[in-house]
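If you read the protein sequences in the order shown, they are chains A and B. Going by the numbering used here, 2 is the number at position 2 of the first sequence; the sequence numbering is gapless. Going by the numbering used here, 203 is the number at position 203 of the second sequence; the sequence numbering is gapless.
Just so you know, the hints here were simulated from the structure itself, not pulled from any lab data. Everything numeric in this text was worked out from a predicted model, so none of it was measured. Incorrect hints may have been included.
[Said to hold, decoys possible] Just a few of them, taken from the derived set where beta-carbon distance is under 7 Å, the chain B residues facing chain A:
| # | residue |
| --- | --- |
| 1 | Asn-74 |
| 2 | Leu-80 |
| 3 | Phe-82 |
| 4 | Asn-84 |
| 5 | Ala-86 |
| 6 | Leu-90 |
| 7 | Gly-100 |
| 8 | Arg-104 |
| 9 | Ala-179 |
| 10 | Ile-180 |
| 11 | Val-184 |
| 12 | Phe-230 |
The beta-carbon is built from N, C-alpha and C at its ideal position, and this holds for glycine as well.
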Amino acid sequence: MLSSTGHPFIFLLPVLAFVIFWVMAKFEPKPVGVTKKSFFERNGTPVAIYLIVAVAFWALFMIVLPQLFMVEMSFRPKLPPVEMGGPKDLYTFENYHYFIYGSTTSSDAINWVHIKAFFLTILASLLVALFNFALCYPLAYYMAQAARPARVRFLLLLLIAPYWVNEILRAFAFRIIFSSGGLINKMLLGAGFVDQPIDFIGNDIALYAGLGYAYMLMMIFSLYNAIETLDHAQIEAARDLGAPWWHIHSFIVIPFAKPGIASGCTLVFMLSAGSLAAPLVLGGPRSLWFTPILYDRFFQAFNWPQGAAYAFILLLACVSFVLLVLRLGRLSLGEIAK
Amino acid sequence: MTAAVEIDHLTVQFGLFTAVKDVSLQIRQGEFFSFLGPSGCGKTTILRAISGFQEPTQGTIRIGGQDMNGIGPNQRPTALIFQNLALFPLMTVAENIGYGLRVRGVPKAERDRKVGELLNLIALSDQGNKKIEELSGGQKQRVAIARALAVEPKVLLLDEPLSALDLKLRQHMRNELRAIQRRVGITFIYITHDQGEALTMSDRIAVMNRGKIEQIGNGRDVYEHPQTSFVASFVGENNGFSGTITKVSGDQAEIETSVGRLTGLNKKSLAVGAKATLFVRPELMRFGAQGENNLAGSAADAAYEGMTTHLTMKAPDGSSVVATLTGAPAREFPSEGSAVSFAFSTSDAIILPA
Numbered sequence: 001m002l003s004s005t006g007h008p009f010i011f012l013l014p015v016l017a018f019v020i021f022w023v024m025a026k027f028e029p030k031p032v033g034v035t036k037k038s039f040f041e042r043n044g045t046p047v048a049i050y051l052i053v054a055v056a057f058w059a060l061f062m063i064v065l066p067q068l069f070m071v072e073m074s075f076r077p078k079l080p081p082v083e084m085g086g087p088k089d090l091y092t093f094e095n096y097h098y099f100i101y102g103s104t105t106s107s108d109a110i111n112w113v114h115i116k117a118f119f120l121t122i123l124a125s126l127l128v129a130l131f132n133f134a135l136c137y138p139l140a141y142y143m144a145q146a147a148r149p150a151r152v153r154f155l156l157l158l159l160i161a162p163y164w165v166n167e168i169l170r171a172f173a174f175r176i177i178f179s180s181g182g183l184i185n186k187m188l189l190g191a192g193f194v195d196q197p198i199d200f201i202g203n204d205i206a207l208y209a210g211l212g213y214a215y216m217l218m219m220i221f222s223l224y225n226a227i228e229t230l231d232h233a234q235i236e237a238a239r240d241l242g243a244p245w246w247h248i249h250s251f252i253v254i255p256f257a258k259p260g261i262a263s264g265c266t267l268v269f270m271l272s273a274g275s276l277a278a279p280l281v282l283g284g285p286r287s288l289w290f291t292p293i294l295y296d297r298f299f300q301a302f303n304w305p306q307g308a309a310y311a312f313i314l315l316l317a318c319v320s321f322v323l324l325v326l327r328l329g330r331l332s333l334g335e336i337a338k
Numbered sequence: 001m002t003a004a005v006e007i008d009h010l011t012v013q014f015g016l017f018t019a020v021k022d023v024s025l026q027i028r029q030g031e032f033f034s035f036l037g038p039s040g041c042g043k044t045t046i047l048r049a050i051s052g053f054q055e056p057t058q059g060t061i062r063i064g065g066q067d068m069n070g071i072g073p074n075q076r077p078t079a080l081i082f083q084n085l086a087l088f089p090l091m092t093v094a095e096n097i098g099y100g101l102r103v104r105g106v107p108k109a110e111r112d113r114k115v116g117e118l119l120n121l122i123a124l125s126d127q128g129n130k131k132i133e134e135l136s137g138g139q140k141q142r143v144a145i146a147r148a149l150a151v152e153p154k155v156l157l158l159d160e161p162l163s164a165l166d167l168k169l170r171q172h173m174r175n176e177l178r179a180i181q182r183r184v185g186i187t188f189i190y191i192t193h194d195q196g197e198a199l200t201m202s203d204r205i206a207v208m209n210r211g212k213i214e215q216i217g218n219g220r221d222v223y224e225h226p227q228t229s230f231v232a233s234f235v236g237e238n239n240g241f242s243g244t245i246t247k248v249s250g251d252q253a254e255i256e257t258s259v260g261r262l263t264g265l266n267k268k269s270l271a272v273g274a275k276a277t278l279f280v281r282p283e284l285m286r287f288g289a290q291g292e293n294n295l296a297g298s299a300a301d302a303a304y305e306g307m308t309t310h311l312t313m314k315a316p317d318g319s320s321v322v323a324t325l326t327g328a329p330a331r332e333f334p335s336e337g338s339a340v341s342f343a344f345s346t347s348d349a350i351i352l353p354a
């Protein structure tokens, strides 16, 4: 158990991490035939040690350990503090069991509410990513290949400026715009397109719009970076050979930008699936989004182990889904990180 | 017979800058036609106007007699070979060559047959499945040519495609390009700043400077009978002596320069008092002999190139005069600083307006 045997483990880990990074630096693979200085010679010993310690600390305390604690916690029962580390504190699958079968007091055999929310979240996040791609591709292409540099700078400023407003404020602004008495409904009513206000919020339209908008920059920048490195002569060559515009995009630009597209879609998908502010603010009364349920496990049910299990399920699902899509698209993780 | 390409009073402006000024010319069917000029002379702009990537500000371009105004690059019977070739890196050699056919919806069997023929033409028959990055520079050139020829253009446009190659390969590709052009028999329009390329490959050359055509003619015309000072000094090496015409007699004239009075052919019928430049090719300069025109000075530099030696003489006025020596004199040049004399015949010198 961590509480008893965990302490030496916790103190040993940083040392272990340091040793691993030190060995990596020491035995850094060198290109054959190139006389390159070693990591220590390049940086000087004090700086090299600082870099190793800093990276080890960062990797361990910011990334690995917190996640490990969450994973570990997800396998423990919910207990009052006095009983933690006691005889009842045994590893268990009950939190994962709960996600699928629900509480023992429930009449349903399967925990449909949570499972449905989970799959809807994954599906909706996927749609948000695809919608975002469709929305951002023309703009990214225009900025990367067609616009003059001054115009590109201006557009980038226009894109970035709204993100100075914080996420929650933006979500509430969307709620106001999309509400039944909001700007859009007023316009539609005034123009006579509809006789009664459309329930954007109840139909989750506001939610999807808010999510799409919240992570648009991730998509734009990924696409822009990828398309920008495409030699413009390639596009002209295709045109010169008789290709219509859609052929150029489908067979020249998009295949070339595939790593950027994958990277943008991955980011938007992951962030949407894990988003909390937009579903809380823009979700309708019938909205089923997984993150608010997850949030409730922690702060309404005060069941941290169960929350951890839910978070871990979401993380695992997202990562496997992304890896699967990359596999299908024949892309490596290294390519999309470029 | 209608011209393959007819350029009629073409002007192209970029903002306030005029890249091409009122250019008119006709390119014949099946001709290897080159635009030769320094960078920024407007030759690439003309090429882009012919291919459709650049809208003319004024004027008309006709290909096979048909006005091309408003017709996009993908609808024109031209194919362009880009300076950096612009091969598609994600496609194989065969896919690159077949791209234009695929776009046109040519069935796969027909496409494969055509690509096979073209791979044969460029002597890469067994390399169709290779990636572009696996090819050498010369092979990439040939793939680019095959890709352009696949769409059976009436006119093939080449934008300095050899400039990235090393010297040996460049010379080899000149012959190859010429051979391909003879075999396929279509019109080639070639853009270059390298006069060697233009002279060896072209049927006719248009020498351009500052957006204007200075002279159109075959290689010999342009080299031996330049019509302007720019052509005389840009095409090949030349010694130029500037001054004022002092005497005109028959087809000859005398010009007063800072190295003395010189005589040459007055091809442009300049009158006494006109500002002019007399040009003599280095290979027509004779070293150590006396002739109709004589120049004396001190030896400044001898650039030995094996077959020839370029001997530079410092004239009393400080200007440099170059003589190209071949044979025995090329191996027995004077030491630096020693007194030397050059001579040339009046009939070898051309006087052109300054």
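The hints, checked one at a time:
Here the hint on Asn-74/B is kept, as its CB sits about 5 Å from the closest CB of chain A, short of 7 Å. Here the hint on Leu-80/B is kept, as its CB sits about 5 Å from the closest CB of chain A, short of 7 Å. The closest approach between the C-beta of Phe-82/B and any C-beta of chain A is roughly 5 Å, which is under the 7 Å cut-off, so the hint is satisfied. Checking Asn-84/B against chain A: minimum C-beta separation of about 6 Å stays under 7 Å; hint holds.
Of the supplied interface hints, the one on Ala-86/B holds, with its beta-carbon coming within about 4 Å of a beta-carbon of chain A, less than 7 Å. Look at Leu-90/B: its Cβ gets to within about 5 Å of chain A, closer than 7 Å, so that hint holds up. Hint status for Gly-100/B: holds, given a least beta-carbon distance of 4 Å to chain A, under 7 Å. For Arg-104/B, the interface hint holds, the least distance from its beta-carbon to any beta-carbon of chain A being 6 Å, beneath 7 Å.
With a least beta-carbon distance of about 23 Å to chain A, the hint placing Ala-179/B at the interface is violated under the 7 Å criterion. For Ile-180/B, the suggested interface contact is broken, since its CB lies about 18 Å from the closest CB of chain A, more than 7 Å. Among the interface hints, the one on Val-184/B is violated; its C-beta lies about 17 Å from the nearest C-beta in chain A, farther than the 7 Å criterion. At about 30 Å, the closest approach between the beta carbon of Phe-230/B and any beta carbon in chain A exceeds 7 Å, and the interface hint on this residue is violated.
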